[in-house]
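Enquirer: Modelling step: build the complete structure from the supplied sequences, incorporating the hints.
Chains A and B, in that order, are what the protein sequence lines are.
Oh and the first sequence: position 45 is 45 in the numbering used here, straight run, nothing missing.
Oh and the second sequence: position 52 is 125 in the numbering used here, straight run, nothing missing.
Each hint should be verified, as a subset may be incorrect.
What follows is a list of derived Cβ distance ranges for each label pair [stated by the list, open to error]: (1) A201(B) to T25(A): 17 to 23 Å; (2) N157(B) to N13(A): 30 to 36 Å; (3) T16(A) to D227(B): 24 to 30 Å; (4) L43(A) to A206(B): 14 to 20 Å; (5) S127(B) to A17(A): 30 to 36 Å; (6) N13(A) to T148(B): 16 to 22 Å; (7) N157(B) to P64(A): 46 to 52 Å; (8) S19(A) to T243(B): 20 to 26 Å; (9) N42(A) to T121(B): 33 to 39 Å; (10) S176(B) to D44(A): 42 to 48 Å; (11) D119(B) to A5(A): 28 to 34 Å.
Derived from the structure by calculation, the hints contain no laboratory data.
By construction, the Cβ of each residue, glycine as well, lies at the ideal position given by its N, Cα and C atoms.
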Amino acid sequence: MTVRADSWSYSLNGATATSNIVPFTFDTTKDYKFISYIQGNNLDATQVDGSYFSNITLAPYVPPPAGTVISIQ
Amino acid sequence: MKTKQWMMAVMVRRDKMKRSIISMLSVVVVLSLTAVTQGGVLYQSDFTGADLASAGLESVLGGTSGGEWTLNTGTDSAEFNDSNNAVNSRANIVTTSSFQSTSGFTLDTEFLLTAEPFRFSIGIVDAAYTLVAKDWLGNSVAGAYGIGFNPYGDALSNDDGKTLAFNNGTVSSVLSSDQTAIGFWAPRKPFR
Chain A
1 MTVRADSWSY SLNGATATSN IVPFTFDTTK DYKFISYIQG NNLDATQVDG
51 SYFSNITLAP YVPPPAGTVI SIQ
Chain B
74 MKTKQWMMAV MVRRDKMKRS IISMLSVVVV LSLTAVTQGG VLYQSDFTGA
124 DLASAGLESV LGGTSGGEWT LNTGTDSAEF NDSNNAVNSR ANIVTTSSFQ
174 STSGFTLDTE FLLTAEPFRF SIGIVDAAYT LVAKDWLGNS VAGAYGIGFN
224 PYGDALSNDD GKTLAFNNGT VSSVLSSDQT AIGFWAPRKP FR
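Expert: Structure (structure tokens):
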């Protein structure tokens, strides 16, 4: 998931990313934490036991570098 | 003969200049890569320590319904389990540190669900949010300003929507329901 002040995109399970169908504004001046919430159902105490995260990486958005060609002859 | 020597000298000087320029550019490239590396990651999970805290994470508000995230060194992961054999178990997992980036954020993670949860969400939330034992995104929890993926929940997803959603601090709204390739058990599902 990528989120910027005026755009977003995300991809699940390697699918082609979806971007900016609904425009919005996002406050990038706030401090943020990674968060996940999980809740099982009312019938099975062990329903989602063993669910896990194996990797979590949070990084600042870095725009792609502008292409620069230097030729030395 | 002198002309030839002069031309040779010019070529040698030109080669030296080329090598100097290439060396300088190499230094610039190395410095740039260093800057990107140093500033490139705000948080990277490391599950090789002794407990969840050593990974910079904490499990919050399993509450009376039980539920806790703990470190599983066998799978190098943060794993959820019911902690008191009660139904409707739940818990938040959050980073113990908070992060700021005016350019925006990228969140990459991999998760595995062992069954269809009642509620589930992944994302980033305002560090000032006081966590409660509710789905910060799917339940439109007040103050939980943030964005994330809500594949299972209440009004937003109804178990089938699998939405990217935005909580504006008052109410959550759907941004997209396009990504639905979610399932259970292996393989782990990358979310990027």
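Enquirer: If a hint holds in the structure, say so; if it doesn't, say that too.
Expert: So, going through the hints one by one against the coordinates:
no. : hint                          : result
1   : A201(B) to T25(A): 17 to 23 Å : holds, 18 Å
2   : N157(B) to N13(A): 30 to 36 Å : holds, 33 Å
3   : T16(A) to D227(B): 24 to 30 Å : holds, 28 Å
4   : L43(A) to A206(B): 14 to 20 Å : holds, 19 Å
5   : S127(B) to A17(A): 30 to 36 Å : holds, 33 Å
6   : N13(A) to T148(B): 16 to 22 Å : holds, 19 Å
7   : N157(B) to P64(A): 46 to 52 Å : holds, 49 Å
8   : S19(A) to T243(B): 20 to 26 Å : holds, 25 Å
9   : N42(A) to T121(B): 33 to 39 Å : holds, 36 Å
10  : S176(B) to D44(A): 42 to 48 Å : holds, 43 Å
11  : D119(B) to A5(A): 28 to 34 Å  : holds, 30 Å
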